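Q: Residues per chain, in single letters:
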Amino acid sequence: MIEFIDVSKTYPNGTKGLQHVNLKIEQGEFIAIIGLSGAGKSTLIRTINRMIDITDGQLIVDGTDVMTLKGKSLRKFRRKIGMIFQSFNLVSRASVIKNVLSSNVPDMPWYKVLLGIYSREQKIKALEALDKVNILDKAYHRCDELSGGQMQRVALARTLAQNPTIILADEPVASLDPIMADVVMSDFAKINREMNISILLNIHHVDLALKYATRVIGVRAGHIVYDGPAANVTQEILDQVYNGKAVPKSTDIKTEVEK
Amino acid sequence: MTVLEQLQAEPKNLWKRVLIFIVLLFIVAWGSSTIEYNGLTAKGTGIAYGIIYGIFHPNKALLFDMSDAGVPYLVLQTIAIAVLGTIFGAILAIPVSFLASTNIVPKPVAYFFRALILMIRTIPSMIWALVWIRVTGPGAFCGVVTQSICSIGMISKMYITAIEDLDTGILESLDAAGCNTFEKIRVGILPQLSAGFISTAIYRFDINLKDATTLGIVGAGGIGSPLVQSITYGRWSNVGAFLLALIILVLIIEYASTRIRSRLARGQ
Amino acid sequence: MSQLRIEKKTPLFDRIFKPEHIVLENGHTVDRPRSRMPLIIICLLLVVYVSLQATGFNMKTIVERGYQLSVILSKIFHPNFSYFPSVVNPLIETIKMSVVGTVVGCLIGLPLSILASSNINSNKPSLLFIRFLLSIMRSVPTLIYASILTLVFGLGTFAGTIAIVIFTVGIVAKMLYESIETIDMKPYEAMTSFGANTLQAFWTACMPQILPTYIDDCLYCFELNVRASSILGYVGAGGLGVLIRERTGLRAYNDLGMVLLTLFIVVFTIDLINDYVRSKIS
Chain A
0 MIEFIDVSKT
10 YPNGTKGLQH
20 VNLKIEQGEF
30 IAIIGLSGAG
40 KSTLIRTINR
50 MIDITDGQLI
60 VDGTDVMTLK
70 GKSLRKFRRK
80 IGMIFQSFNL
90 VSRASVIKNV
100 LSSNVPDMPW
110 YKVLLGIYSR
120 EQKIKALEAL
130 DKVNILDKAY
140 HRCDELSGGQ
150 MQRVALARTL
160 AQNPTIILAD
170 EPVASLDPIM
180 ADVVMSDFAK
190 INREMNISIL
200 LNIHHVDLAL
210 KYATRVIGVR
220 AGHIVYDGPA
230 ANVTQEILDQ
240 VYNGKAVPKS
250 TDIKTEVEK
Chain B
0 MTVLEQLQAE
10 PKNLWKRVLI
20 FIVLLFIVAW
30 GSSTIEYNGL
40 TAKGTGIAYG
50 IIYGIFHPNK
60 ALLFDMSDAG
70 VPYLVLQTIA
80 IAVLGTIFGA
90 ILAIPVSFLA
100 STNIVPKPVA
110 YFFRALILMI
120 RTIPSMIWAL
130 VWIRVTGPGA
140 FCGVVTQSIC
150 SIGMISKMYI
160 TAIEDLDTGI
170 LESLDAAGCN
180 TFEKIRVGIL
190 PQLSAGFIST
200 AIYRFDINLK
210 DATTLGIVGA
220 GGIGSPLVQS
230 ITYGRWSNVG
240 AFLLALIILV
250 LIIEYASTRI
260 RSRLARGQ
Chain C
0 MSQLRIEKKT
10 PLFDRIFKPE
20 HIVLENGHTV
30 DRPRSRMPLI
40 IICLLLVVYV
50 SLQATGFNMK
60 TIVERGYQLS
70 VILSKIFHPN
80 FSYFPSVVNP
90 LIETIKMSVV
100 GTVVGCLIGL
110 PLSILASSNI
120 NSNKPSLLFI
130 RFLLSIMRSV
140 PTLIYASILT
150 LVFGLGTFAG
160 TIAIVIFTVG
170 IVAKMLYESI
180 ETIDMKPYEA
190 MTSFGANTLQ
200 AFWTACMPQI
210 LPTYIDDCLY
220 CFELNVRASS
230 ILGYVGAGGL
240 GVLIRERTGL
250 RAYNDLGMVL
260 LTLFIVVFTI
270 DLINDYVRSK
280 IS
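Protein chains in written order, with numbering that gives the first Met the number 0: chain A, 0 to 258; chain B, 0 to 267; chain C, 0 to 281.
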């Protein structure tokens, strides 16, 4: 369970990322966070595993107050939380399986990390994770030979191999074409259903958010302006979230998505 | 395809890594065989202590001594050797590199001059100094002529790359505009080469400055010979003063040369 | 407003030598900054004049005694092949010193370069300290290190090897931290997001990216070190330099020619091998 209690985040330059956010997220929910660029979607996601520090309020994840963690305890806490990025963040020169196996690194003794030795069990687990996202056959290819959609699935497999209870995804489909975006979103939905992993993702394309997520959070200028089931989202609500501007869809001609 | 099948299919490159490791280990073991550690010499610890003491307590009188045995004059002389060596080298390198460029002269001529450049590069500068010293006698003059010759090697190599990258399309259009050969070189070729040539010369100046110290050891002037003498006679506070001056000098020049070259590269 | 901007941004030079004001026929105006060329040339001539004075440059000596050079060079170009057996052992010593010095130096240089990379090490004081240390290592010539170390460790290859190690650490770490600062940090961010510490993340996410550059830098250093170590013997630190000092002292330039010929062949062969290894890697 993730609980935001009156959380605010002000950046050192004075920008307000989040303002008085209150949220309660149960285990196994699939949440899409929507909003304009710069509304605070990324900040909201990244405070949960403390890639960004909050400046006010309290953030409790599975009974742990996130702001009390540091050094080793923070790293241990992050083991349970997977993270997916817009630009995949894979080592492009390494093979697919090496990238998936890298999720084991924090738990390994230093000499095994140094020599890059992984056990048979770890390899099987990595291959199973690749199988779940349907790219088992690419296991020994180099990452830079893959397409964008395949790379995002490798990143997803890397996260799965770490047995997370929560997956955070920061614009996971923004760099993909509409068809691949749909495939990757259905992978997320499948993982959410079958493994009971909570999923929070930022998404720019409202149609995909409404199609796959069970709950939608609308963010505007650091405030939460909508929080409820995807089925209840109406045009008025979208107008409010997007401040009256056009609502982006995955089938739109590709324009500058969030940087 | 199942997970287990894919596990079997893993490319086996372990033996390759082990082989590379063994070869490397063998080379290092072979290399270490002559390098024997005989422990410190009888005075070793005293000397090591002396140097550390000297660096933190440099001879201040020497640092500000304005005579020709003092640090300021020796630093000036070292810079002067590097300046002249670089300028003469850079000028001498221009005809050599044109004669070694395959797009300017016939191939046999170019290869002859390339062999010459390779020869200049391979012979260590210290040996050039040992040879020149028979002509000029010991002193800073020897350093200048040595560096003039040695600089030709590296500078020519860089010049040749620049010359072979010349855009000859411009010459054609200048021909069409009715320019003579001199005008073509002045307007068509010089602007293309000047930035690269100057940048190379500045880079070489950086190298020559460090090299000038080394040349001093064989008697070719600069700060090198008094430094080595002080080391031999164990005058540690003098060693400290010379080393301090040398380090500061090299750091300043390295910083300045990097700044200037990056500005040249941006075309300012 | 525009007045203010000009005052702030105009370099000193353009304030002293005001730009030429050109009015075009259509009434538009252009400011043409004065050329800096005359100033640069004057400075350069001044520097050259001072340098000529400081070094005692004398063209007459070269013209009058230039024949000496041709006498020595002609001897060097007629190497004494029967001297070859005496060259072999010092040559092998030189190569061994460079091999060990390069390997040890490159191994020490790697962790130092990580500490000197501003995108990995966020601790500013330690970063600056390491960079300063590396600069000092590079700025003192190898031969000076060797002459000090021969006093500490005695004459021979050990002092020479240590001198090479120090030089290699300085140069490898500098080249390496410059390339580490240009790598893609996104995989590193991903590694930290799931709980890796700095070293684990660096080794797994960054090392594969810089490994080819690292090997390339090591090979380059090896080339430099073979040349550098060949003269270290001049101050008694083992290898070919011992012969170079002895033979020039005796004016036995035919023997020196043999030493140089061997060195030339070895350096050339090592360059070829390195080029082959490089092509294999990329």
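Rather than coming from a laboratory, the hints here were simulated on the basis of the structure. Here the structure is a predicted model, which means the values were calculated and not measured. Some hints here could point you the wrong way.
Per the computed footprint, the stretches of chain B lying under chain C, defined by three or more beta-carbons under 8 Å from a beta-carbon of chain C, are [stated by the list, open to error]:
{"hint": "1", "region": "53 to 60"}
{"hint": "2", "region": "87 to 100"}
{"hint": "3", "region": "168 to 182"}
{"hint": "4", "region": "199 to 205"}
{"hint": "5", "region": "218 to 228"}
{"hint": "6", "region": "239 to 251"}
Just so you know, even glycine gets a beta-carbon here, dropped at the ideal spot from N, CA and C.
Q: Would you mind marking each hint as holding or not holding in the structure?
A: Going down the list of hints, with the structure as the test:
Chain C is given as covering the region 53 to 60 of chain B, and this is violated because 0 residues of the stretch bring a CB closer than 8 Å to a CB of that chain, at least three being needed. For the region 87 to 100 of chain B, the stated coverage by chain C is not satisfied: 0 residues place a CB nearer than 8 Å to a CB of that chain, which falls below the threshold of 3. Chain C is given as covering the region 168 to 182 of chain B, and this is violated because 0 residues of the stretch bring a CB closer than 8 Å to a CB of that chain, at least three being needed. Counting residues of the region 199 to 205 of chain B whose C-beta sits closer than 8 Å to any C-beta of chain C gives 0, which falls short of three, so the coverage hint is violated.
With a cut-off of 8 Å between beta carbons, the region 218 to 228 of chain B has 4 residues touching chain C; three or more are needed, and the interface restraint holds. For a cut-off of 8 Å, the count of residues in the region 239 to 251 of chain B with a CB near a CB of chain C stands at 5, and the three-residue condition holds.
When the structure is compared with the earlier hints, violations turn up for hints 1, 2, 3, 4 and for no others.
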